[in-house]
Structure formats: structure tokens, C-alpha cells
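K.L.:
Last residue of the sequence shown: number 1108 in my numbering, and the count goes up by one each step with no gaps.
Keep in mind that a hint or two might mislead.
Unchecked claim - 30 Å max Cα-Cα, derived DSSO-like pairs, lysine-lysine:
1) Lys58 with Lys86
2) Lys253 with Lys161
3) Lys741 with Lys673
Unchecked claim - Computed spacing ranges between beta-carbons, pair by pair:
4) Lys58 with Arg456: 50 to 56 Å
5) His551 with Glu247: 31 to 37 Å
6) Lys313 with Arg456: 55 to 61 Å
7) Ser644 with Ala854: 22 to 28 Å
8) Asp1037 with Ser912: 15 to 21 Å
9) His551 with Pro67: 37 to 43 Å
10) Leu59 with Asp488: 44 to 50 Å
11) His551 with Val292: 21 to 27 Å
12) Ala830 with Arg456: 49 to 55 Å
13) Lys313 with Val532: 50 to 56 Å
14) Lys416 with Asn34: 25 to 31 Å
15) Pro612 with Gln809: 55 to 61 Å
16) Val532 with Gly666: 30 to 36 Å
Treat the hints as calculated values from the structure; they're not laboratory data. Every residue gets a Cβ at the ideal spot worked out from N, C-alpha and C, and that includes glycine.
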Amino acid sequence: MMSAPNYDEFDFPIELTTQPLPVVGICGLDTVNNAIHCNVWEAFNNIRKQNRPLVNFKLITPEHEFPTRKPKKSSYECYIPKGILKRNWMDKHMNHAPAVIIMFYDLDWNDPQWAEKQTECASRVKSLKLTLEGRHTKVALVLIQQEPPIPSGEEIIGGDKSLALIQECELNSKYLLLLPYNTSTADQMQGYVLNLQTTFHEMCIVYFNQLIRDVKSHKSTLIKTIHAYLFIRHTFKMAFYAEMKGEFLAAHKYYNQAYLLFSDIKMTHTNIHECKVVASYIMYKMVSLLFVLNQPRDAIQTFHSHVDKYKFKFGNELLLFEHHAWLSRQYAVFADLFESTIRNGLPASQARHPGFYYQQAAKHCINRRTARNSLCASVTAYPEPDPLQGSSTLDYYGQRPWRPGKLSAEPPDPKKERDGIQALQWLEKTRVDHSMIIIGHLGSAMAQFNTYRCPRMKKYLVIQMAEEYLSSRDYGKALTLMSHMLGDYKNEHWTRLVDDITRPALYCAFVTASVEEYLTLSLDTDKVSTLVNLTRVMNNEMPQAIQYTNHAHNLDELKILWIKNLAKSDNANIEVEMRSEHACVQVKTRLTVDEEAKYMLTVYLRSHFIEPVTFSSLSCTIGDSNLLVCTDLTLPPNQLVECSAEFIPLSCHINTEVTVSHVTLGLETAFRKLALKFMITKDPLKDLPLWRPIESKSDLEMSNVVPLHSVFIVPNTSEMSLDITHDNPALLLEWYPITIKLTNQSSHPLSSLSLVLTCPDSDNIDLCEDSQHVTNNDSTNNPAVAKFPLNRAIGELAPRQDGGEEMGQGGQYETIVYVRCTATTPEGAAKLINVKVSYSSYSDPSVLLTKESAVKLNVTKPFDISSSFLSNSFEPISVFHSNEQILIQPLIQCVSPWSIVIEDTFISIPDSIDMKHETKCCLELCKGQAVTCIACVVIKEPRNLCLGVFTVKWRRKDSRLGTVTSCIELPRVDVLPLPIQLSLNLPAHGLVRTPMTICYTLYNYLNSIITVQILMESSEAFIFSGYKQVVIKLVPDSGQEFKFKIYPQLSGLVALPGFKINLLSKHEGLTQQTIDDMLIRSIPSHIYVLPQPKGIESSQQAQLVMQV
1 MMSAPNYDEF DFPIELTTQP LPVVGICGLD TVNNAIHCNV WEAFNNIRKQ
51 NRPLVNFKLI TPEHEFPTRK PKKSSYECYI PKGILKRNWM DKHMNHAPAV
101 IIMFYDLDWN DPQWAEKQTE CASRVKSLKL TLEGRHTKVA LVLIQQEPPI
151 PSGEEIIGGD KSLALIQECE LNSKYLLLLP YNTSTADQMQ GYVLNLQTTF
201 HEMCIVYFNQ LIRDVKSHKS TLIKTIHAYL FIRHTFKMAF YAEMKGEFLA
251 AHKYYNQAYL LFSDIKMTHT NIHECKVVAS YIMYKMVSLL FVLNQPRDAI
301 QTFHSHVDKY KFKFGNELLL FEHHAWLSRQ YAVFADLFES TIRNGLPASQ
351 ARHPGFYYQQ AAKHCINRRT ARNSLCASVT AYPEPDPLQG SSTLDYYGQR
401 PWRPGKLSAE PPDPKKERDG IQALQWLEKT RVDHSMIIIG HLGSAMAQFN
451 TYRCPRMKKY LVIQMAEEYL SSRDYGKALT LMSHMLGDYK NEHWTRLVDD
501 ITRPALYCAF VTASVEEYLT LSLDTDKVST LVNLTRVMNN EMPQAIQYTN
551 HAHNLDELKI LWIKNLAKSD NANIEVEMRS EHACVQVKTR LTVDEEAKYM
601 LTVYLRSHFI EPVTFSSLSC TIGDSNLLVC TDLTLPPNQL VECSAEFIPL
651 SCHINTEVTV SHVTLGLETA FRKLALKFMI TKDPLKDLPL WRPIESKSDL
701 EMSNVVPLHS VFIVPNTSEM SLDITHDNPA LLLEWYPITI KLTNQSSHPL
751 SSLSLVLTCP DSDNIDLCED SQHVTNNDST NNPAVAKFPL NRAIGELAPR
801 QDGGEEMGQG GQYETIVYVR CTATTPEGAA KLINVKVSYS SYSDPSVLLT
851 KESAVKLNVT KPFDISSSFL SNSFEPISVF HSNEQILIQP LIQCVSPWSI
901 VIEDTFISIP DSIDMKHETK CCLELCKGQA VTCIACVVIK EPRNLCLGVF
951 TVKWRRKDSR LGTVTSCIEL PRVDVLPLPI QLSLNLPAHG LVRTPMTICY
1001 TLYNYLNSII TVQILMESSE AFIFSGYKQV VIKLVPDSGQ EFKFKIYPQL
1051 SGLVALPGFK INLLSKHEGL TQQTIDDMLI RSIPSHIYVL PQPKGIESSQ
1101 QAQLVMQV
């Protein structure tokens, strides 16, 4: 009975492609029952997860069995090798034969049972060493210590105990290690483990150095003529050991020596397979190490040398497909290795990247399939007994299962050889899906060519992949890929490529019963059968069968599938995009202007059908409009047909270039509608294929037609004059009048007149047509206010008395529209208002003519408003207090180029503020002039509030459209409470040596009694009477007056006697500094004293003496 072996012998084994690491055995850990041991093992495992391993940790249980140790040979003189490289040797050293074994044991230096545990530990170590007797495996001991480190001064105790433990265990002192583990060192566990790994790796290096010395010793006793296989094997071992140590340069040197030793082997049909397999393994190691050593050029050169050396070593001619499979696998593995190295940072280029090697792998796989078809066609049965039985248990790589361990010099058994070859041919014929292998390689190559931006190579590989899908009977995928490539090749005008791809694509469409794809492709292929199949499909019939491959199909099943797909509603209306140079109908267009200024479209058509064909309609798309040229159009075969129609431009086409984008031929039956959409290219040279022979007179006639796809639509001479008058710039928020005047300049009336106003940026602009409504500044409540666009008939804007809608010869219409801008325009920018008048001429009322103009409107501010805040003494203030008078002073600065008139100003204040006094501003301002007004207010309560809104009513000078209201919000301020307030009642001025009375009023706003001291300082400029120093108590919410009579001695702006208040009691929120600041803000410091008129001075002095 036929076995199911792992037939693909050229798959590289996992132990070859995996990075080799020394095996370090971990024993003595009970990971199931001991949590500490489990955490220790997890810490070692985390090194592997963090991608930082130096060694391969393996947990060894008490039941573990080590690989059987081979007995040493005393001499190799009589030993004849049976193969080159053993299958289980690499796996043994990578997974089963530890280089170092670490014994873990829980033991603290101050353990009370130290002696007993020392003896037990030594017993375990000796037992382990006895098990490993005769091997070079290193044994080390790690003590897991949970107690804190030994205190300072007691290190000698630990030193004595460690020395005793080393002697009893018979260990090297370097092989006794410690692993602290307690709550304080748990976070440092990873660092301890990494240090231990480094130590373990150093032990492994010692182990492999010893193995290399042993192999060299054995190799020195070999004879090249007898032990050629052993020379390769021993050199490979030394290379593998060096690689496990991490010495990549030395490993590559040994691998190279092993590879060169194949030159000493005479290759025959019996050993060529084994030599190629092992040589490819060594080549893989060499190349991978060169990539690791960052020598990509040497790696690529090594691979090419390897392929060149073995590409003509076919072996048995009956197994030629195996040679191509081997070559395909070499390229695929190298490409995988190359790609992996690039992902790790190696740069590549368009000329050298893995895509080329994937492509070669696919090429050799195609050769493999070709050899299979020629060599395995006659094989009809699998031989009995199974010659491949035991192929998975062979001792050596690359050997045949029907002659394992046989030397090349031994003659093979002819029958076994014949049966073995027949079995391999049978498996190649029945078990290998070559198409899927090829598709996989092509997919990888496409991804690489796409990454390195090689579009043409990618398209070439897509076509190859489509052919493979076709070969594997996956017609749907093949059709999809070919359809994509057909579109690309049509755009690039690859006529021959399109013709070569169309036929297999049409075959796939027929087999899959794809109606739309079949119609699209049938119109691009053989013109002889196109009309027949097209007619059958249009009439819901299955087209004629197409034979492209040797695949057998059930026509009855295909007919049922066609009937089912033809009945679908999706296939009732089909639109097919055509290219004129690849279509069954050749199309050219000319868009011209005749003597009467009419735009004429001429379509030239030539049919490649073998019989006359009648199309239901011919239409063209020009710009965004569709033009029906004719209906029921019959095209005779290979004759030039010319169809013309007038194109009437739309108003949106004026002053633009219109282009014929496509021509549509409609074909209609009772079952479906087919629209052939011919794309018209702008450049006429692109309509020509790369090569086209001229065969007939109609070819010459069609070639002489020069396409004209575009025409510029020029507006007719305007019969309407459009005049627009306005005074630019406009002022912000004013209703700005724009006068539009229309005049009929023709010799006949104009009708259907309409006016359209548009603004591209209409967010901050309003529109009004009636001057009676523009005086209302509230756009939300004014029904006459509108937004752009404005579309009105002329009769609505300026109705005629006779009610007519025509404008007679020389007639005029004038209208005014008002716009209001709520935002200024940036410097250098302007609002654009488009004015368009549409009308119909007397000569051709069906044509709508237009006249357009544009208004550029700059918007500027009429004035700038700023505000300042002053105290009673007209000093600027920044801190506000309740119950204290402040002065609000708005400033209006005219920035308008036009003179403006300020009609009124006022400040609207909230209820929490009292207005004491307010002045108005009513005057005319020119540019650069400024005016100010003032208001005296008192804030009642301390809080954050807005001081009000300042409103200005203004208008442009000489404007009759009413006033414009502009408002600005005064700033918000934080008002602080005022505990105590002082006011001074003072005359406006004084006279020298004339007494006058002044009154200070002190008011307490707190809820407690305030004790203060009042001081009136002396002054050389005044003689005064009243309290000079007094202590008073102010009850809550009450005030007290202090009157003084002062007698000025000097004239001019004289400083008043200093009035001081000293705080004698403590109160929350009231300090001496608060009182001093209040004095500075609240009372004036100076007064104007006028000189005494002559003749009155003596009498006043006498009166003063009498009063005193």
C-alpha cells in the first residue's frame, strides 16, 4: 500500500533555519509545588520572550533521559561512512544534549540544618555527574537564598561554608553561584537572572571549545580518499559548534571549508541527490551568517556561485523535475532570507531585491511542471511494495529510502531503482499542485516589485499569475486579473499585449458565464465572431463555445449557468467603456464653428463588423450636457460614416472651453440595452496605436480625419449696456446704495429681461431693494432685508406703465439696491458682487443672452471707539470701588474717508450702576478728527460686572437713508467693596485773602464702629479755623461732616492743607493703606486761587479783622 511520506525533501528542516543556541538544563526546580521555584523558572523564560536569549533554557525533570552516548571509536581507518550529515544531529545539540546543567538548591548560609542540607546537595550533584559520566557537559550549582545577605564582618562564615560545599560536591569554585530571592530583591530578579545567563553562556563556550578540539582530533586521523564524507561532516560540526558559541566569523570559515570539500567527491546518479541537499544546507548557513555579519554583497555572490555550480547537475534524467524543484527551492529560501534581512534594516534597491529571486523560483517551478508533464505522463500506478517506506526515518539527509546508507560506489538494485523512480514520478504527478506553488512565488515577487516601485514588472507577473489561475481552473480569479491588466495596457496603448490577453480573458468570461465581461471582451477581440456572439447574448442566448485550453467542460451545465446569469436584472442595462483603437467601431469627433457662428459637432465612425450593424442611438457628451446626434444609425462594414448635429451652448458655457468627453452608441433588443461608451482623448496622437498597418481605403480616409475635441465658447456681441455706479468704500453697518442702469443699444426690443446679483462670500452681507426699509437697522425684524443671491425680472424691479415686459429700442431701466456689510474687508481684499443681466434677442427668442459685470466693494470702519476711566480728580484708575464716583470717557476717532455726522451718543448702564451725569456728542467729524464725551456713575455693589454699552447714532454726510446705530460694549471690571468714603465740598475757586468754607464728609459703610483720628496739617498758603486734631467714632452706615474756614494767602494753583485720617481700631477689610489710597482718589489736592482786584483789598482786610 502506498505510504504518505514527507515528499518535499527540499524543504529546509526547522533546526537548520532556526538560530542555534546552547542548551542549558535547569534541574532541581519543583515548579508545580514550590511558588519560589516557579517564579525563578518564569524569570528565565522571560529572557526568551524579551528576544534577548544567549542560551536555550530547558527544564530537566528527575525522569529526564539524556541522549544515548555513542561509543568512541579507537580508529577510523576501517570505518566507511554511510552518509554525509545525520538528520538528528543538529536537533540533538539544539534541544536534547545540554552543554551545561544547573542544579538549583534552596540553602542559606545561616540555615540551622546546614550540615544535613550540605550532604543532600552534594549527593544530588554527584548523582547528576555520574549520569553525565563520559560527556563534556558542565555541571554548576546555584543556591537559592531567601535570607538577607550576611552582615558586615561575618563574610568569613559564608566563605568557609562555600569552600566546604565546593569540596564535597567536587565542583570548580567558579561553578558555585548564588540567586538571592526575598521580598526586598524580588524587583531585582531579572537583573540576577541576566547575570546568571551570561555566566552560563561562558560555561557553554568552554563546553563547545572542548567539542571542537575533539572533532579536530578525530579529523586529523581521517584519510581524504576514504573519508571524504567524514571530512564534510566533521567540518560542519565545527562550524555548527562555533555558531552556537556566537563566533560567526569562525563559523562561516568552517562552513565554507565544508562546502569546498564537495569538490573532492565524485558525483554520480546515486549520490548527486544527497550532495545537492547537504550542499544547499551549508550554503544556507553561509549566506545567513554573511547577512548577520552585514556583508550582503558576499551573501548574494555566494548564492549565485552555488546555483551556477549545481544548475547543470541534473542527476537521473527520469527525475529531472526534482532538479527544477531543488533550484526553485534554493531561490525561494534565499529570497525569504533576503527579505527577512531587509526587514531588519538592510537597504535594497530596484536592481537588487528579493522579488527577482521569487520570480526565478516561480520560473523553475514552471520548468518543474513541464518536466513532470513529459516524464510522468506514462505513470499510471504506484509500485508495490512501497519503495518510499521509511523515508521519514532515514538517518542521513538527502538519501533515497530504497537504498539507505549505500555508498556511491556500490551498484544499485535495478528493480528497486526503477520502482523508486516510478514512485517519485507518481507522487509528482498526483500530489503536487504546481500552480499553487507558482502563484505563491509570483505573489511574493509582486509584493516586492510593488514595494520597490517597478510597475511594469508587477504587471508582467500579474499576467503570469492569471495564466496560472487559468491553468488551475480558477477562471474567476484569472478573469479578474486579466481585466485589470487590460485596462492598464489599453491606457498605455500596448496593442499587441491587449490582443494577446483578450482571448484567454474571453475564454474565462465564457466559462464563468460573466455577461458584462463577455460583452466587453468580445467587442475587443476577433471581429469575425464578434457580431454573432454579440447578437446571441443580446437575445438571451448562450454564445458559441470557445476552445482555448485542453480543459473539458460540460456544455449542458454551462448553458444552464448562462441562462441563469442572462436572466439577472443586473445584466439588463450594460455600459461598456471602449477605446477607439481597440474597439469594433472606430470613432473620431470634430467640434467646429460655421460661418453663421453655429457650433457643429461631426462624428466619424467606421465599423469593423463583417456585416451592417444598426445602432438605436448615437449621442455625445460635451462638457456637462448630452447631445443626441441621431437615432437608428446603420454602419456598413469598413466604410466611413459621418453624422452631424448642432450644439447649442448653455449660458454656463460662455467664456469657457467645452470638450467632447465621450461618444455613446446604443444597441437595444427586447431583452437588454448595451451602451458602447467611447472615451475621447484630448491629445489626438494618443488615439494612434504604436503600430498599425494601413490596409484599405477606409483606413486612409479615417487617418485623414483630424480630431477636434474642444472649442472655446465666445459670447455674442452684447446688445445691452450695463452701468454700475457707487461710492467705494462702504462703511461698516451702513446701507450702501449701488445704482444699476440698463440701456437697450440694439435696433429692436429685448425681452425676458432678468437681473441676478450674486456674492461668493455672502456670509457678512445683507441686501435690500426698497429705500423705505433701509432706515430700520434691525435686520432680524425687517422683512425687506434679504440674502444673496437676488434674482428678479426687470419688470419687478422697474415696472413699466404699460405693463409690458419688453425693453424697446433705446429704452432704459434703472434700479438701486442697498447692501449692508457686517464685517470689514482685509487690507488689499474686497467683496465681489457679480451682476448678471439675462435677456432674449428679437432675432432669436429661444437663445438666452447675458451681460455680466462685477462690483468690487471695500468695507472700512467709520470710526474707532476707545474708553478710559477717571477718578473725581481726573486721574486714570484701574481699580474700581463701590459707592465711589468714577468718570467714563469714550473717545470717538474718525477713520472714514467720508465725513460722518454724529447724531447722538449715550451709555446704557445696568441697574446696579447709578448715572449721575452724562454729556452728549452731536457734531460732524472728518477723517483724523476725534470727539469725546463723559459720564459720571456710581457703582452700587461690589461684584464683577459690565459697565454698560456705548451707543453711537451716526450717518454719512449728505445721506438721506437715516442713521446707523453702532454699539460697543464697555469692559467688564471687578468692583471692590469700599469700607470708608471721604468727600469734599469745595468751591470752584478762591480769592486771595477772601475766606471760604470747605466741608469734608466721612462715611462708614461697615457694620461696626470705626475709631479714627482726623488731622488737618498746617499750610503756608492758607490760614484756617476748625479742628486741627480730633478722635471720632463712626457708627455703621453713618457719616460725619468736618467744616473748615480757610483764608488763602497766595494766588495760583495752590495745594490745600493736608487732610489725614489715622485708623485707630482694627477691622476686617480695612487697613491704613486702604484709607491712604482712598484719600488720594477721593479729594482734590489743589485749588485755583484768583488774585484780589485792586481797590477792594483794603476794605476786605478791615472786614476780616473785625470778624476775627
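K.L.:
State for each hint whether it applies.
P.N.:
Evaluation of the provided hints:
1. Lys58 with Lys86: 23 Å, holds
2. Lys253 with Lys161: 47 Å, violated
3. Lys741 with Lys673: 54 Å, violated
4. Lys58 with Arg456: 50 to 56 Å: 52 Å, holds
5. His551 with Glu247: 31 to 37 Å: 57 Å, violated
6. Lys313 with Arg456: 55 to 61 Å: Because 34 Å falls outside the window, the suggested range is violated.
7. Ser644 with Ala854: 22 to 28 Å: Check failed, 38 Å falls outside 22 to 28 Å.
8. Asp1037 with Ser912: 15 to 21 Å: Between Asp1037 and Ser912, where Cβ atoms are some 19 Å apart, the hint holds.
9. His551 with Pro67: 37 to 43 Å: Hint violated: Cβ distance 54 Å, outside 37 to 43 Å.
10. Leu59 with Asp488: 44 to 50 Å: 58 Å, violated
11. His551 with Val292: 21 to 27 Å: Since the Cβ atoms of His551 and Val292 sit about 48 Å apart, the hinted range of 21 to 27 Å is violated.
12. Ala830 with Arg456: 49 to 55 Å: About 52 Å separates the Cβ atoms of Ala830 and Arg456, which means 49 to 55 Å holds.
13. Lys313 with Val532: 50 to 56 Å: Distance hint for Lys313, Val532 holds at roughly 55 Å.
14. Lys416 with Asn34: 25 to 31 Å: 57 Å, violated
15. Pro612 with Gln809: 55 to 61 Å: 56 Å, holds
16. Val532 with Gly666: 30 to 36 Å: Violated, since Val532 and Gly666 (Cβ atoms, about 20 Å apart) do not stay within the stated range.
Violated hints for the displayed structure, listed by number in ascending order: 2, 3, 5, 6, 7, 9, 10, 11, 14, 16.
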